[in-house]
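Generate coordinates for the entire structure from the input sequences, incorporating the hints supplied.
Protein chains in written order, with the numbering used here: chain G, 1 to 289; chain C, 1001 to 1276.
Certain hints may be false.
Within a straight-line C-alpha distance of at most 20 Å, the following computed DMTMM-like cross-link-like pairs (lysine to aspartate or glutamate) qualify [to be verified]:
1. G:K225 - G:D245
2. G:K237 - G:E34
3. C:K1273 - G:D146
4. C:K1273 - C:E1207
5. G:K237 - G:D212
6. C:K1273 - G:D149
Keep in mind the hints are simulated off the structure, nothing from the lab.
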Amino acid sequence: MSFTLDRVGLIHPGGNAPEQRALRAVSIDAARGERLAIIGPSGAGKTSLLRILASAIRPTEGRVSVLGQNPWQLTGSQLKRLRSRIGFVRQSPPLPPRQRAITAVIAGRLGEWPWWKSALSLIYPVDIAGPRDELARLDLADRLFDRCDRLSGGQLQRVGVARVLYQRPDLLLADEPISALDPALADLTVSELHSEAESRGATLVASLHAVDVALRRFPRVIGLKAGEVIFDLPPAKVSDAVLSDLYASETVMLPPREPRPSDLPADGCVPADLPGGGRPDGAVPPRAI
Amino acid sequence: MPSGFRPQRDPDALRRAGWALAALLVLWPILRVAEFNPADLFDARNLEVMGGFLGQFFPPNLSIDFLALALKATMETLAMATAGTALAMLLAAPLGLMLSHSLSISRIGPGPGRGAGRASRALVRGVLLVLRGIPELVWALLMVRAFGLGPAAGVIAIALTYGGMLGKVYSEILESGDTRPARELLESGSGRLMAFFYGLLPGAGQELASYTIYRWECAVRASVVMGFVGAGGLGQLMDQSMKMLNGGEVSTMLAIFLLLVLLADAFSVFLRKLLA
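Here's what the structure looks like:
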């Protein structure tokens, strides 16, 4: 078993504001090597769920087991070792602007390397071929020695992906890894995440706004809404009714998913938060993409 | 529109004015306690005394003999300030890293060792407080008794006080910038030191360097003051000149101070450009 979430709940302590419930009774199991997509509207709790899997936040209730261990019963050094086996691609990776891409990628192995190797790499990179290969997989090999402040948002996002590929984690988490990428690069990036997971038997969990990518590329799709799992199905069984149930709220309607260049953003995501995008004829849009 | 709703008025204005008034009310008695009376500065008799004191400063003493003496003392002062600041950095860097919240692993989750982390931060905070709470002059008086008259006492005094100041400010600089890169590294199993080098230093390096140089500049001035209590350098020379009412020598040394501060400033600008 790669991970088990058993009736996991999360309440964000509010400080002055009222506390917020981010997750409610979430139970998900994933075997080693499984590949899951998590979809759902903004604020559904996708990031919170991934951060719990990453052992970065402790759930308020329920039981978590990641790579066979309960992270919150480990000692400090065991937890550190567990975290070094979990890779987390951020939506907008926090990379220091003055850092070079190669250093940012090398940082993926800080948890694995002895300190002297990491320290040496600050002066002269111990491994140049490795980071270059990972960047090359994402079509960025020529930016290896560029500083991060010279890269565009989409390039930074791919440097973040390359760092996690270089980390070689057993559990690969990705929080909207393609939100800043054009459709071709998004496809390439998702392919590389899959082939990485496949070749090393790692588990892949990705949250996505691009519903079409989730349905087309992932063998298992989980719908999350208001902190609850509302479906956990193979993509063939995710019907349009299920989808409009996931995204529609009382005030916002799901726009048609027929590709219309004029209202599709560059990254190809479904603009679930645009109000009133329904077609005048009220027809159910075909799942064409 | 409801009658009570007037969007053209800033709802915070009254509160701000209140705070400003309160600050003035607090400041006034403080000035009284400090016996601050600007009129004294322009009192005719005081002006005459000050004028006489300043008058001794001219012309500056530029004889070769004295300049050689001043150069040797300047070197001593610079060495004292530089060695003291370097030792202070060595002391402050580990303490600052320990104190900084942005490099705390146990706060993630929160995970195990949270109590120990909190306790060690409290301890470090206490150590830094004692180090910088005691003025360098007092440390110097103490060290002169251990090391005898000379710059060594000044070096240790600067290292201790400035170590306390640098450690506190280092930890604050590391918390005030973008701490997410370090947090991300800690969340993927990196150690604290490497999370600092890979996650925080690229963003904070410039500010850390320029604050350290500013402290070096302060150390040059402080080492002069400590010279008055026997820690050598320009201060000791100045003490002697003043006691012998030799204003020309004092003004030469003041010019040297200005030059040193200018030098520190130029170096700081250069380093900031280098790190930009």
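Right, here's what the structure says about each hint:
1. G:K225 - G:D245: With Cα atoms ~9 Å apart, G:K225 and G:D245 stay inside 20 Å; holds.
2. G:K237 - G:E34: Between G:K237 and G:E34 the Cα gap is close to 18 Å, so the pair holds against 20 Å.
3. C:K1273 - G:D146: OK: C:K1273 and G:D146 at ~19 Å, within 20 Å.
4. C:K1273 - C:E1207: 12 Å, holds
5. G:K237 - G:D212: 14 Å, holds
6. C:K1273 - G:D149: 16 Å, holds
In summary, the structure agrees with every hint in the numbered list given earlier.
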